[in-house]
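Participant: If you want the building blocks of each chain, they are given just below.
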Amino acid sequence: MKKLILSAVVATTLVTNVLANDAVTTNKEWTSSSLREAQSNRPAGDAARGAELNESLMCSSCHGKQGLPPTHRWPAVAGQLESYTYKMLLDYQSGARNEDNRANIMTAVANMMSTQDMADVAAYYASLTAPTLQQKAAPTLVTDGDKGRLITACASCHGLSGQGGIKGTPAIAGQTSETLKRALEMYRSGDRDSDLYSVMRQASQKLTNSEIDSLADYYSGNN
Amino acid sequence: MKKVMILSALLLSSSAFADERAEIMANNCAGCHGTDGIVEDSSLISIAGLKAEVFIETMQDFRNNERSSTIMRNVALALSDDEIAAMAEYFEALPTGEEK
Amino acid sequence: MISRREFLSLAAAFSATAVMPAGAYAANRAKVVVIGGGVGGATFAKYLRRKAPNVDVTIIEQNPIYIRPYGSSEVLTGHIDLSDLEVNYDALRNRYGVKIAIDRAIGLDADRQIVKTASGTEYAYDRLVVSPGIELSYDKVEGYSKELAETKAPSGWIPGSQTSLLRDQIQNMRQGGTMLIVAPPNPYRCPPGPYERGALVAEWMQKHNPTGKVIITDPKNKFTAGNNFLLGWNRLYGYNIPMEFMEGMPDDVVEHTTPGMIDWIPGKDGGTPISFDAANMSIETEGGNIKADVINIVPPMKAGKIAQQFGLTNEQGWCPVSRVTFESQKIANVHVLGDASIADAMPKSGFAANTQAKVAAYAIAHLLAGEAPEQSPAFENTCYALAGTDYGFFVSAVYELRDGKIAKKEAPGLQDLDATEAQRRLSAVYQQAWMKSFTEDCFA
Numbered sequence: 001m002k003k004l005i006l007s008a009v010v011a012t013t014l015v016t017n018v019l020a021n022d023a024v025t026t027n028k029e030w031t032s033s034s035l036r037e038a039q040s041n042r043p044a045g046d047a048a049r050g051a052e053l054n055e056s057l058m059c060s061s062c063h064g065k066q067g068l069p070p071t072h073r074w075p076a077v078a079g080q081l082e083s084y085t086y087k088m089l090l091d092y093q094s095g096a097r098n099e100d101n102r103a104n105i106m107t108a109v110a111n112m113m114s115t116q117d118m119a120d121v122a123a124y125y126a127s128l129t130a131p132t133l134q135q136k137a138a139p140t141l142v143t144d145g146d147k148g149r150l151i152t153a154c155a156s157c158h159g160l161s162g163q164g165g166i167k168g169t170p171a172i173a174g175q176t177s178e179t180l181k182r183a184l185e186m187y188r189s190g191d192r193d194s195d196l197y198s199v200m201r202q203a204s205q206k207l208t209n210s211e212i213d214s215l216a217d218y219y220s221g222n223n
Numbered sequence: 001m002k003k004v005m006i007l008s009a010l011l012l013s014s015s016a017f018a019d020e021r022a023e024i025m026a027n028n029c030a031g032c033h034g035t036d037g038i039v040e041d042s043s044l045i046s047i048a049g050l051k052a053e054v055f056i057e058t059m060q061d062f063r064n065n066e067r068s069s070t071i072m073r074n075v076a077l078a079l080s081d082d083e084i085a086a087m088a089e090y091f092e093a094l095p096t097g098e099e100k
Numbered sequence: 001m002i003s004r005r006e007f008l009s010l011a012a013a014f015s016a017t018a019v020m021p022a023g024a025y026a027a028n029r030a031k032v033v034v035i036g037g038g039v040g041g042a043t044f045a046k047y048l049r050r051k052a053p054n055v056d057v058t059i060i061e062q063n064p065i066y067i068r069p070y071g072s073s074e075v076l077t078g079h080i081d082l083s084d085l086e087v088n089y090d091a092l093r094n095r096y097g098v099k100i101a102i103d104r105a106i107g108l109d110a111d112r113q114i115v116k117t118a119s120g121t122e123y124a125y126d127r128l129v130v131s132p133g134i135e136l137s138y139d140k141v142e143g144y145s146k147e148l149a150e151t152k153a154p155s156g157w158i159p160g161s162q163t164s165l166l167r168d169q170i171q172n173m174r175q176g177g178t179m180l181i182v183a184p185p186n187p188y189r190c191p192p193g194p195y196e197r198g199a200l201v202a203e204w205m206q207k208h209n210p211t212g213k214v215i216i217t218d219p220k221n222k223f224t225a226g227n228n229f230l231l232g233w234n235r236l237y238g239y240n241i242p243m244e245f246m247e248g249m250p251d252d253v254v255e256h257t258t259p260g261m262i263d264w265i266p267g268k269d270g271g272t273p274i275s276f277d278a279a280n281m282s283i284e285t286e287g288g289n290i291k292a293d294v295i296n297i298v299p300p301m302k303a304g305k306i307a308q309q310f311g312l313t314n315e316q317g318w319c320p321v322s323r324v325t326f327e328s329q330k331i332a333n334v335h336v337l338g339d340a341s342i343a344d345a346m347p348k349s350g351f352a353a354n355t356q357a358k359v360a361a362y363a364i365a366h367l368l369a370g371e372a373p374e375q376s377p378a379f380e381n382t383c384y385a386l387a388g389t390d391y392g393f394f395v396s397a398v399y400e401l402r403d404g405k406i407a408k409k410e411a412p413g414l415q416d417l418d419a420t421e422a423q424r425r426l427s428a429v430y431q432q433a434w435m436k437s438f439t440e441d442c443f444a
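Here the protein sequences line up with chains A, B and C, keeping their order.
Those letters in the first sequence? Residues 1 to 223, by the working numbering.
Those letters in the second sequence? Residues 1 to 100, by the working numbering.
Those letters in the third sequence? Residues 1 to 444, by the working numbering.
Warning: the hint list may mix true and false statements.
Partial chain A-side listing against chain B, Cβ under 8 Å, derived [unchecked claim]:
(1) Ser60
(2) Ser61
(3) Leu68
(4) Thr71
(5) Arg73
(6) Asn98
(7) Asp100
(8) Asn104
(9) Ile105
(10) Arg188
(11) Gly221
Calculated from the structure, these hints are not laboratory results.
Note that the structure is a prediction, hence the values are computed from the model and not measured.
Quick reminder that beta carbons are idealized off the backbone N, C-alpha and C, glycines included.
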């Protein structure tokens, strides 16, 4: 019974925000079951259609035709986990992800998209080759985390090579250091708060600026 | 400020005015891209420090619609190759500040 | 209005005061005085201080806070408050060392190069820059006046109390009421402005006054980005595009069978306004009488008053200037930029004023150093406009000197009519972003 109510609430939230022009941010925190529900409701994605949408919705203008951004201001999406891309688009559409003025572009784009559109685009990006990382000496936060600050090792979810995929975490290898740095800073300040159970907010809360720099440096492979 | 070096073979003569005209044209970008090419917390992007070859390729991609845009296609179409090359050198030389 | 003769007699009075002539300063620091702290004056001051930090720059401005006109129509629909339009001069003062004198210029001695202000201060200058914006010629519309604009039928073209009044009138309009916008003749500040205003109010009415209507009556037969607007109105507000504008329109244009939220009456169809009847709340046009609940009259304009008072204007009320330095063709060492200047192909817009100001700043920096300024400057006007909150488009042009005049470089100057929904939505996002970054480039 509880499960049904949760999914109904999530569904209503999505519909409401698609229709309203000035949608109020519901800022409804994900739970693992609401997220599981949303993912199980994700339509089967058509990568070929996704490639077309990548052009017609102008995603390619910032994220590139092959999911690698033409300028280093924006994140790569090539090879990203299908479920993660899908979640990001849902979050932008619902307003759950609204960390700064840059997010306004994604909100405007996501507001045009049906869940089928989102699934198709996610399937297309997942079919592209993800950027890879040259193996180099990883900072201890990556391999061991820091028990004293309750920081989990980044590699335990994102992998030593940043391939992601564990517990639904995104691939982060080869992102530009500036996008990685921005993500960590936004999680740390709490401006970005659509992460399930605050796991990223928790992990970044006690990071120093130089630690953020070194983590961004490591996972970007100096991109 | 570091003197702008103009490398492209197509370019204007290396008089002081060639440099200044590039700067005057680059100033016109500041309304969107920020004074000295730096704009913060915006869906518009900073362009200070952008590698010259990336700047030139980007403007060409905007021109021929290889990269979709709103106004940038019109802007790129209005500029000559010389002007784009001169502005590319100018922006590359600008300090990036905190955000690149 | 003070006459030129009265000015010259004021000038004679200056010689009695102990003010050193401009030449004496040349040995020390050069002095540039700017009248007007709007987009043009502020951008000029900032960019001159950056280019030539050895030059003293003083802005004489009446208002301690600037209220930006671009985006001001968003106040009418309650999207923002009037206070959101406010910009202060802190950065100009603190970051660039621009002196800001909150004062009003009242006299010019062009020979001795001195400006006198209402507070009794005298400013000697090596170069004077006048960037006063526009003056609204209320009395050019028969039956209209400044007093009526402030109480009954606001213009709201220079933001302030008239904007608030217009907002209140729109929001308190009876259900099924009509807002009439009287568009001005060319040239005027912000060419797409009246049409964007009509569109945003129509959008607001769809939610809050669904049987209401917006009518735009116009002495002109076309306007900037007209096709983009008409197409947007067709898609959003049930407007039917007249046959003569249908060429190039995309396939999804619909023939609406019921009247739409917005209507536009061009001059050739009788839209030219003749007079305003305040008691009756109606406008007599060439095509007949239009009664409305809210009447927003945007009257003909000319260069800001101070430009006229100083003798910088021509018979049409605008200031002829050099296209290279924006120096007045009427008074030496005085420059005019922004709306008040005659800049050939450039529209009267904030972005245009901003780029003119930068060119003038560099030119004056060179002139003060005894050098020749850049002879082929470039200017720009790129500006987003809205037909609806999520429906944006743009005008975009780069300008250069050709045959001694400022001409638009060859390139498309508007958004394509077949622009996709993504482009329109992104244009709307960039419009908001641009207003913020633009304001920072001018004032911060």
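Participant: Hints first: check each against the structure and report whether it holds.
Facilitator: We went through each hint and held it up to the structure:
1. Ser60: Status holds, d = 7 Å.
2. Ser61: Since chain B brings a Cβ to about 4 Å from Ser61 of chain A, closer than 8 Å, the hint holds.
3. Leu68: violated, 13 Å
4. Thr71: Nearest chain B Cβ about 6 Å off; hint holds.
5. Arg73: At about 5 Å, which falls below the 8 Å cut-off, the nearest Cβ of chain B leaves the hint on Arg73 of chain A intact, so it holds.
6. Asn98: Status violated, d = 13 Å.
7. Asp100: This hint holds: Asp100 of chain A lies near chain B, its Cβ roughly 5 Å from the closest one there, short of 8 Å.
8. Asn104: holds, 5 Å
9. Ile105: holds, 5 Å
10. Arg188: Cβ of Arg188 of chain A sits 16 Å from chain B, so the hint is violated.
11. Gly221: This interface hint is violated because 16 Å lies over the 8 Å limit.
Comparing the model with each numbered hint stated earlier shows that hints 3, 6, 10 and 11 do not hold.
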